[in-house]
Structures are given as structure tokens and as C-alpha cells.
Amino acid sequence: MAIENNYFLLSFVLLPLAALFLTLLTHRSRELRMSQPAFAAVALQFALTVGFVGYWAQQGFPKINVQELALYESDSYKFLVDFYFDRVTAVYMLVGSFITMLILRFSKYYMHLESGYKRFFATVLFFFAGYNVTVMAGNFETLFLGWEMIGISSFLLIAFYRERYLPVRNAVKVFSVYRIGDVGILMAMWASHHLWHENISFLKLQNYELVHEHLMAHSWVGIFISVALLVAALVKSAQFPFSYWLPRAMEGPTPSSAIFYGSLSVHFGVFLLLRTSPFWEQQLSVRILIGLLGALTALIAFFITRVQSTVKTQIAYASITQIGIMFIEVALGWESLALFHFAGNAFLRTYQLLTSPSMVSYKIRDQFYHFAPRRRSGQGWLGKLENSLYMLSLREWNLEWLVNRAIFNPFKTFGHKLDFLTPANVLRVFLPAYMIGVVAFLYRHLLPEQLLHALPLVFTAMGLLLVFKAFSEKEHPSMALLSVLMNHFWVVLAVSFNEAVDQSHFLFYLSGVVPAAALGLYCLKMLKREEPKWYGLHHYYGNAVDHPQLSWVFFVAILGLMGFPITPSFVGEDLIFSHIHSDQYALAFMSASGFVVSGIALVRIYARLFLGVNAKRTVGTCLRSA
Amino acid sequence: MNATKKVVAELMFDEHEVIHQLKHYLPSQNPLKDFVHHNTLHAFQHLKFHEGIQQASETFGYQVYLPLQDFRRLYAEGRISAAVLDRVAVERKGQATLADWRHRLLEKDYDTTGAQRVGKLRPLWKEYYHVNMDKEVHPTLFRLLGAYLDQGVATHAFPVQADSFLGSVRALERHSFQGIFSSKQVKELLFDERVTISQLLKVLLWDERLFEQYLFDQQFAHPGWSGMASVLEDNPVSLLDQRPMSLSDLIFVELLLEIDVLTSKLDGAWEPLGRRFEGQLPPVISKPQERELFEVYRIWQEAYEWTYYDQVLLGMQQAAGKRQAPEAPSFQAIMCIDDRICSIRRYVEQGDPACQTFGTAGFFSVPFFFQPEQGKFYTKSCPAPMTPKYLVREREARLRHEKVSHFSDHAHGFFSGWLAAQTVGLWSAVQMVKNIFVPSESKFMVSSFRHMDAHGKLDFVCEHGDMQADGLQYGFTYEEMAQMAQTLLGSIGLVERFAPLVYVVGHGASSINNTHYAGYECGACSGRPGSVNARVTAQMLNMPQVRALLAEKGIMIPEQTRFLAALHDTTRDEIEYYDEEQLGGAHAALHTEKKRVFVRALEQNAKERARRFQLTDHKQDAEQVHKEVKKRSMSLFEPRPEWNHATNALCLVGRRENNKALFLDRRAFLNSYDYAIDPNGDYLLGILNAAAPVCGGINLEYYFSKVDNGRLGAGSKLPHNVMGLIGVANGMDGDLRTGLPKQMLDIHDPIRLMLTVEHFPEVVLDTIQRNPGTYEWFANEWVNLLVIHPIDKTLYRFQDGAFHAYEPLLDKLPVVRDVDAFIEESRENLPVSLID
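Chain order of the listed sequences is A and B.
The first sequence lines up with residues 2 to 627 when you count with our numbering.
The second sequence lines up with residues 34 to 869 when you count with our numbering.
Okay, chain A solo, but in the shape it has when bound (with noise of 0.2 Å):
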């Protein structure tokens, strides 16, 4: 049994990958070659998973767990693709693999003659292989892992649009927020790992007694690590106070935004509290947070949805309203509730998203024999209390300008406060001062005992300060880029003084991320030589309309440099993870911060390099407000 199992969950992941392989290959006239294959391989894979799950059903519903393959091991540290199915994977994979396939039918047709059809397959059948992952994760690795791909493809399919200035801007902006939560899925990965001394296993958090003795011994860690998933869940789901994101998510084709975040993609903050719940349901005081939060943002999305004049933005808030409330059906502990809930809302809001531009003749129509005048707030202090309501949930409870305050500008105050570096001179004000902390390095056993505690957390803010100049660089790509590279140097650094670290690790980590930098600086080179004047990061300049190769290679160099999966660095970022101690708070935020940051801040000299109206011409581009 196990066999087959481990052939149906890897072909899970497998056919999407080999329809985007295929798709990737074929000439983007061909349409015809592009969306079969896709829509074939989803569909087989909806069969499957059907026949799948019914097999699975006559076995009992076991709760299934392959270990695919180890990506690294050593001695000390593995790191694992594990997958795992149970009754919340079935539901995920049925819905997930039913819409899939539904929207690539519909998309065939829909996207004919569209200039970004290959584009809008691959991203799909990307997103979908991401998503296959992440509900068949066996363990957090894996997780995070599909959950990256998913936060890229999200990315692709808001820009999707990318010659126009909206869609660019919003895509970075869901991006970031997206990467706020991965800082939580890191750093609930890293405790974690020190709480249980190993990779655990999902199926090893079934184990009540296990987990219940763990968490006696540690209880603070068991609340660190929830609220952590916590963070990741809210900002996946748009639950309070990252809702914002969700409506300015709809940038795309209306069935990408209609898979993407009317169904499948927003559901994930449910899905990864369903599958950490044997975790937290212990913990009480968690269940009550997530319940509060669930209907605090039930509660304000509601009036938001009331409000909102626009048939896309109206569907988002619905949804998340909905979705808050699935919150309170898991904190409740009412799985089956909530998993039936999620199926329905899925199927509700991706069938109101795709029939949403018939809403212009259906309600005129409806006007048109039913008319009723609207009603209007009355006199006296109710009806500037109803007033203050629609104003309020019309700037929608100011949560972006909240998350930013809190958030995103911290990064830009610090990151400016850097401003004097630039690539003239910061090699010459930072090797010395990585040369130093070298030589302290070496010199480790002469330094005192406080400062050897101390060094590695200076070290490690030098390398967060560095992303945040990053993130704020307004004049250099470069030297933004060199900052990201910089900060993985001393992340290396300061975890090196922790105990006597394997130097292979170091190299496994670095070899992923140099090459990948060079490769970036190289096409900053280049674009630097071709476009002298539309250079820069003041401004969005749309190079990809002339430099469409150039635009792909810095995207992948990028990918590469913010340690996504396609470098060992991705591998090594865990790896790093595991030698910060576990009462290395503060270093292990700061180094999650960094990573995260840094992704931001990539993704953003890319937009503002690629992405956009081109800068050049007046005459055939969008307005800025188009």
C-alpha cells in the first residue's frame, strides 16, 4: 500500500509540472497545444484524485504518510519531502483539482488571442503544482515549499498585466504582505524544530500524548509557534488586519482571480490551521485568539462588503467575511463544518467572479421592472452613526494605512537611514567591517563570553539594516541587490559563531545565492548599457516590453537570490535555521525578517525595472490610472 500511495501523491504534484514543462516548450502561437495538455493533465488528475479518494475511503480513511525524498542530509539535519492525506487533504485536493480544471476549460476559450496566453497557462499549472504541495505537505518543509510557489505565481498572475501600472504596483504590494506571512511560517518552523528535536511529521502531531507532553514541558514555545502559523494564516485568508489585500489582488483575467483568490489561494489560512490543529487545539487560550480574530474580521468585512460599489471588490469582502467565520468554526473545533464551508464558499465566490460581468444586464434588468428608491440614513445621532459606519467601511477601516504604519514603513525609516551607501563606496565601508567580524571569528576563543553573545546579533542587524536599505533604495539597483547579498554574508556570519558549524552547510547555502547575484548584477549590466536613461527605482519603467529575455533572466536570478526553491540555497535557508538556537529569539526573527524583506525588496527592483507603463514612450501606453 504504501508503494502505490507514494506514486499517487508524487503524480499529484508530477502532472501539473509535466503540463508546464510542455507548456514551456510550445511556441506561444500554438494555443491549442498549451491549454489541451493542461486541461488533460488536471483532469486526469481530478479522476485520480476521485478514484483516489475512494480507495482511500474503502481503506478506512487512514491517515497516509510517504517520505518522497530527502533533498539533504547529513549527519545532523535532513531535510525531507514529505507528503501526507488525510481528510482535510481529500476535501483540498477535490476542490482544488475540480476548479483547476474547470478554469482551464473556461480558460482556453476565455484567453484566446490574449498576448500573455502562455504566460497565464504556465503560471496556472505553476500555482497548481504549488498548491498540490502545500495541501499534501507532510511536514513544514514541504509546506513552505509549496507555499512559495504559491506566493511567486500569485505574483506573476496580479502583474499579469504587467505593461500597466495598477496591476504592478498591486502585485508588489500583495507580495509583501504575503511575505509578512512566511516570516511566521519560518519562524514556526525554526521553533519547532527545536521543540521536537527533529523535522516533525504532521502525521507525528496526531499523536495527542506526544504533543501534550512537549508542550507541558514548553508551554511558551507551544504559543510562540501557534501565534506564529497564526500570522501566516491571517495574511493568507485576509483575515484581520491584512484584508486589505484581497480586493487589490483582482488585477488579473477574471478566472485567475476567480481560482486565485476567489477560491482556492485565500482558503489557505484555513487549511493551515486545519492542519496544525492537533498542535494548537490543545492550546486555549490560541483557540480563542483565532476565534476572536475570525469574527473581528467577519464582523468588519461585512460592513465593508456592504459598501463596496464594484462587483469584484463586493465578491472579495463577501468572501472574507465568510472565511473569518470558517475561523471560528476551526477554533470551535468543528473541522467538518468548516471543511464544508470552505468547499461551498469556494465554489460560490469562483462562480460569482466568473459570471460577474453579466451582473451589468441582469441587475439594470432587474432595475428596470422592480425599481425601489434606495434607502437613505435618517436625521439625529443614529444616522451619523450609520454615516460614520459607511465612511469608515468605505476607507475600509484604514487597515492598509494600519499594516503600513506598523509594518512597512519601519523598514523605510531604517532602510533610510543607510542612505549615505551607494555602490561606489559600500564595499568600502562594509568589507572592512565584515573583515572584522571574520577576524573576531577566527579569533573567537580570545572574546569575552558577553560578546561572543552579543556578536551574532550584531551581526545579524547588519544584515536586516542592510535589506531594509534595500527595500528603501531609491536611486541604485545594484547596490540594492549587493545589500540582499551582503545580508545572506552575515547571516552566515553570525550563525557561524554558534557552535562549530559544518563550513559545507555554509557553502551549500552560499552556492545558491552568489551565483544567482551575479547573474542579477550581470543583467543590471546589461540594462544599464541599453536603457542609460529608464534606469533606476524612482519610477516603474517597463523594460520587459523591450528586453522581454533580459526581464526573464533577472526574474529567475532574483528567484534564486531570495532563496526560492530552485537553488540549493532554499534547502540551506532551513539548514541556517537550525543552528540558531532555540533561545536565540531575537536572532532567528531577525534573520526570518531578512529573508523575508529581502524577497520584498528583489521583487521590487524587478517591478520597478520591468514592470509598469514603459517609461519611454507616450504615444500607445496606459494611463497610470488605467
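In short, the hints are calculated from the structure, not lab data.
All C-beta atoms in this analysis are idealised placements derived from N, C-alpha and C, irrespective of residue type, glycine included.
Don't take every hint at face value.
[What the hints assert, rightly or not] Some residues of chain A that are not near chain B, with every Cβ distance over 10 Å (derived):
#, residue
1, 7
2, 23
3, 25
4, 106
5, 195
6, 283
7, 300
8, 407
9, 409
10, 448
11, 453
12, 499
13, 512
14, 548
15, 552
[What the hints assert, rightly or not] Below, a sample of chain A positions facing chain B; criterion: calculated Cβ distance under 8 Å:
#, residue
16, 111
17, 171
18, 206
19, 221
20, 224
21, 319
22, 337
23, 349
24, 360
25, 368
26, 391
27, 624
28, 627
[What the hints assert, rightly or not] Per label pair, the in silico range of CB-to-CB distance:
#, chain 1, residue 1, chain 2, residue 2, range
29, B, 449, A, 383, 17 to 25 Å
30, B, 299, A, 617, 45 to 53 Å
31, A, 617, B, 442, 45 to 53 Å
Got chain A sorted already, so can you dock chain B onto it with the hints?
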């Protein structure tokens, strides 16, 4: 206050004049339900075409021709003829410089990135103070406007309504704890009803010389919303749920928002732009300079157009006289001028060579408002610029609207949404599978046949002239009907040889998931199906009282002639007949027989259309193709239910027999007209008064949406989001998008309309000069006018106010023996050909 007033009075800045200017240049597109085609750049129509669009380009940054490389590619592909290109170049530049101009046209590199005058001043806020005005102000402004104008998306409507937008904003600000504006100074400015736009500009700019430029910059940063405000100001009835709106209110609120941003972001540390800006700004609107690049564009454009026109003109000469009008027609059909009807007429004639078809504007010269039974409003059934005095009401009709639970407000509720997700939600999964794998009729599609109930009754006879409501007369008097009938029959030349059965066929369209549905219906009926007009026309022409009055005017309709109304759905290629049961014995039999002609013609027409639908196999049997074409109209995933007016390029005014033998590939508006009964051009004037703006408007909207889909068109419709049921935008905070979406234009060739008239040039010249509005279209070459001499078939081109003889360059056209095989040959434009 008086002091301020005095200062304002002395200024060169005239607030009303500038707002008037802005309204003139902003897009004038109605809310979606009243979408009608019009010349996108109508504001420049007082200039010659090429000069006007160059000015538009230099002022607003529009792309106004195809990109240079596209012209060169068309030339390389042979779609622009070398001979024509040379001829145009010589005509414009002289023989001596031909070689030089050839080089410029074909090889020389030009900087085609363009420039614009609007948008030079306002971005200085960012330069001076790091304030990105668009970013700060647009979201709030758009959301406020969207919420205020919303027609029924939001479940919580805008909570206050005063007698204006500004008044409502004031009332809301005053009566709410959470305000729109944050600074105290701005609130004072808002509440002080004496404050003017000029005073606000003074706060922001100080220097009056900058005011005009600033307002242009500001309003053309979101032409969609501003245009909508301006349209609603002039045409408030376009909203069923009315909202008083004006452009100046929008500007006022936007200026306040800007001051608010500066005050709150910069904490008072700013001064008006005019204090810092020392540059000179040229006038916003000024005459364009001669530029070589534009001359290159012009030559290309003319060569592109004349490559096609030349074929058509030769064809018209050669086809004239090849067919004769039947002596005793088996039946006749009066159909719409619409270019989509061009091919169906050909197939009807092919199916019964003894029949005769006519084309005219599809309201059949009967203008009125229509009120369906249960309808709470009136809807206009005639060309948009007309304002009818009549009301036609429907009774004994079924309600043609069913509720859909997915669109119910409950789906967006808290508990009701929870319930909906568990119930309707799961049902959606079934619906989706059904809609995606087996598309079928659904409650939320738009069907032309639902406009009027075929089994209901129409009240359109006005027995007493004093029956009135809302200033409209209930129906028409017999005298009025006879007058309208005379106009209709006289203008199409049907005054004798009436067949026993005359069909009056209106048209409409069906689609689903189509926000621009109104644009697919009959343009001559204000974006509604022509069923009511067809039915009223047929019924009135059957009335003995009307026929008696017509006889007095010299039009004798034989007693055995019956008129029968029908509606042709151009998307589905289906037809519905009205009042068939009133046909007696012989007529009923004849109708049963002729129906078969229509059935076959519709199938063939569907097949011909399908050759342009790339995902449909058009080589199958016509019946099978027809099935697939029908399925398209019901498919949620089909952004192109039909091609609508794409590829339109011609308008032929003349006798059908002279162009019957010409294959025009659905690219022509065909208006029947017999010069012989209209020696003074009186009927012709009526035809041109409608055809120039309607066909020219359609043509130019397609032209501009195609060449600049980003600014003059609506872009791809795939990401569109419906805003308040009045317009579409991209995403959440986008500006309203005007013009046509890309999906309506893929196969369109942007060339101007060529309108040809069969008459004597001197009569035509005299006729067109009688209406300055119509004359402008031709004189300024926004529509190319040609005349074909009815007797010797000489062609005359109208240029610079006079007719000049035109000799086609081509001397031979392809001859088609089998149209059915011919249309299978290619999915591209087919060459103009003679049908053997």
C-alpha cells in the same frame, strides 16, 4: 469675499469657459446600458481628419495611426499596394520627391515614442514635495464617485442625497464622525458655499496662468470618471436611479482632496506651485506643427485605405447593371443598414433570386419611447441624438426577467452568506460544470427576444391627440404614421411593385457575460433590439387608414400586400416573426414557404461568420456550424459572442441591384436608395443625416479603439471589473475605461469609412451642404465621400469641397462562382470580388 471676486473677474482664467472646454474634450460615453458608438475624437471634428488627430495626439498623447512598423509589415504582406502608395505619395508630395519619400516611408528610422502637452504641470508636486497626487487622491475620489453613482451593486447605498454631488459630500462630511477630509482648513473651504473653483486653484497654484493647464492635467489623469460626470451632467436620465452630477462638482471635490493631502502630509510646509514654478507653458490646445513623421503616417494611412477603396470602387463600376430588380418580386424584406446584415441579405437573395431586399436605419423612421409592461421606465427606440415625442406601451405581456440567487444580495451577507455558501455555493459547482461543458440558455444572459413579448400587444395608435404622459404622446395619429411610412418607403425607393409579402426585419443581439451588450444591439435603436420598431412599422403599414393617407401622397400599397415584422438575432442567427397569426390563407402559405429561405440563409450566414471565429470549425456543414455559433452566445467563457461591427469600412447608398453582384465580406453598411425618385436629394439628405454620424461614428470608434487600445479603447476586457453598473475599470482603484475592449477589435482594420452615393455629383454636393453638421463629416474627411454617376458610372471623389473624377488603379477583380466554397478558403479578410 468681494475682493476675491474682483480679483477673479480680472483674471485671464475663465472658469466656465475652461470647464466647457474640458467637457468638450473628455470622453462622452454613456453608462453601459446606453452604450452607443460615436466618434471618440469628436472634439476635433471641426478640423480636417489628419490635422485633428495630430492635434489630439500631441495634446493628449494618443496613438492615432497604426504603429509605423505595422504599416511596413502590411506593405510587405501586400496588403498595402505599392502602386497606391506611390500614387498617394505623388499626390501629396509631388513626383519629384517620390524616391526620397519612398525611403522615408519604407526605411527611415523615426522616434515614434510621442509626447503630450497635458500632464506637464501637476507632476511637479512629486518633484517639489514628494507627493504623488494621483496615488494619494485617486483611490478616495474614485471610491467616493463610485459609491455615489452606484446603481445597485452595493447593498448599503450612499447614505445621503442632496441636490448635487458636492451637496451630498458636504452633508456626509457634516453628519459623520468619520470624515472624508482631515484638515480643518479644507473642511472650512468645503462648508463655505461661496468658495469657487478659482479660489481653490488659487490656494494650490497662486499663479492664474497655470489654472487651465492644471485642470487639464488633473482631469485627464482620469478621463473615464470625469467623462462620466460630464455625460451625466448633460444626460441625467441615463441613470435609472438618478444622481445629480456635474463636472465642476467633481473638480471642486478633487481640488479639496488635493489641498487636504498637502496639508496633512506636509504639515503646512508647502507653498502653491506657482510660487516655485518659473517655466513657461504653451497653451494646452494649440495648432500642430508640420512634422515629417506625421506626414509619413498620413501617406501610409491613405495608401492603406485606398488599397481597399480602389477594389470596391472598381467593383461598383463592374457590378452595376449585372443584376436587375425583379419585375414581380416574390417577397420583399426591409432590413437594417447594419454591416452585419450585409451577408444575410446576400443569402436571402441567393435562396430566392426573385425576392428583393432593402436596407435602412433599423428604427424604420419610426422614433418613439417604449415602455414594456411591468417596466418602470421608458427606453428610447430610435437613434440616440433624436428625442422622440411618442410613447409606445406594451400590454398583456409576460415578465421577461427571472431572479438569480447567485446575484442576490444575500450571498454577500453575514449569516445569509454563510447559508448561501453551504447551499447555493454547492449548487454553483453543478452550475459551473453545466455552463462550462454544455453551455445553455440561462437567466442572466441578454437575449434580444426578451426585449418585447412576441405574444403581447402594442399600443401605438393615438386616437385623440391629447393623450399624454411625461410630455409624451401615447402613440401616433394616422397622419403621423402615414408621414413616417412615406419617409421610410420613399427613402429606400419602395414606392411601387410591392410584393404580396413584405418583411420588416429589425435586429438585436444575444450574449452573456458581456458588459458592452448594448453596443451589440441595433445602433439605430439606441442600443436596443429593433423588434418593437419593426412590429409597429409592419402593423401601421397594414392599416387601411394609413394606406389611404399614403395613397394620397402617391404611394399605392396594393390590397393583397401584407407587412410582417420580424427580429433577426445577429449573434445567434435566429429569427422571430411577429403577428404571424394575423396572416390569412394565401399569405400564411407564402410565409411558410419563405420561412425556409430565411432558415437556410441564417445557417449559411452563421457559417460565413464562423470563418472569423478561429476556434470554430467553419468547414463543416452549415447546420452544424450554426449550432456551434448559437452555443457561443450562451458560453460564459466566450468574450466574443460575435464580431459586431469589426471590419466595417463602407457605406453604400444606392440601389441594391447595382451592388448585388459584389462580394463585400460583411464590411458594408447598405442603405437602399433610388436617385430616380429623389431628383432634389430630399430623401438623400435624411439618409446622410443619419448615416454619416451613425456609420461614421461606429467606424471611428472602431478606428480609435484599435489604434490606441490603451487610452482610446478599453483595453482587454478579461480583467474588467464592473463599477456601479455604469462602467468598467481594471481592478479596484482603476479609472473607468471608455471605448471598445480589445476583444471587439482583433480582426478590425483601422480605416475610415468610405460612403458612396449613387446620384449626380451636383445634386449630392447641393444636398450635403444643406446640413452643416453632416457636411463637416465629409468636408473634414472623417468619412470619405464618393459619388457614382447613376448613368455613366463615373466615380467622383469629394475633396476640398468639390467632386473630382476618380479612376480606379485596378482593372480586374477576382470572380467568385461558388460563394459557399469561397468563404471556406480563408479566415482573413476576403478580397472584394464579383459574384458570377
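How the hints compare with the structure:
1. 7: Since the minimum Cβ distance to chain B is about 30 Å, residue 7/A lies beyond 10 Å and the statement holds.
2. 23: 20 Å, holds
3. 25: 22 Å, holds
4. 106: Incorrect as stated: the minimum Cβ-Cβ distance to chain B is 5 Å, not above 10 Å.
5. 195: It holds; residue 195/A is separated from chain B by about 40 Å at its closest Cβ, greater than 10 Å.
6. 283: Given a closest Cβ separation of 28 Å, the condition holds.
7. 300: Incorrect as stated: the minimum Cβ-Cβ distance to chain B is 8 Å, not above 10 Å.
8. 407: 19 Å, holds
9. 409: 15 Å, holds
10. 448: Label holds. Min Cβ-Cβ 45 Å, cutoff 10 Å.
11. 453: 44 Å, holds
12. 499: Holds, since 43 Å exceeds 10 Å.
13. 512: Holds, because the least Cβ-Cβ distance between residue 512/A and chain B comes to about 40 Å, which exceeds 10 Å.
14. 548: 16 Å, holds
15. 552: 19 Å, holds
16. 111: Since the shortest Cβ distance to chain B is 4 Å, the answer is holds.
17. 171: Because about 6 Å separates residue 171/A from the closest Cβ in chain B, which is inside the 8 Å limit, the hint holds.
18. 206: Result: violated, 29 Å to nearest chain B Cβ.
19. 221: For residue 221/A, the interface hint is violated, since the closest Cβ of chain B sits about 35 Å away, which is over 8 Å.
20. 224: It is violated, given that the least Cβ distance between residue 224/A and chain B is near 30 Å, above 8 Å.
21. 319: 4 Å, holds
22. 337: With Cβ-Cβ at 12 Å, over 8 Å, it is violated.
23. 349: 4 Å, holds
24. 360: 5 Å, holds
25. 368: 5 Å, holds
26. 391: 5 Å, holds
27. 624: 6 Å, holds
28. 627: 6 Å, holds
29. 449/B to 383/A: 17 to 25 Å: Since the Cβ atoms of residue 449/B and residue 383/A sit about 23 Å apart, the hinted range of 17 to 25 Å holds.
30. 299/B to 617/A: 45 to 53 Å: Violated: the Cβ-Cβ distance is about 31 Å, outside 45 to 53 Å.
31. 617/A to 442/B: 45 to 53 Å: 47 Å Cβ-Cβ, so the 45 to 53 Å window holds.
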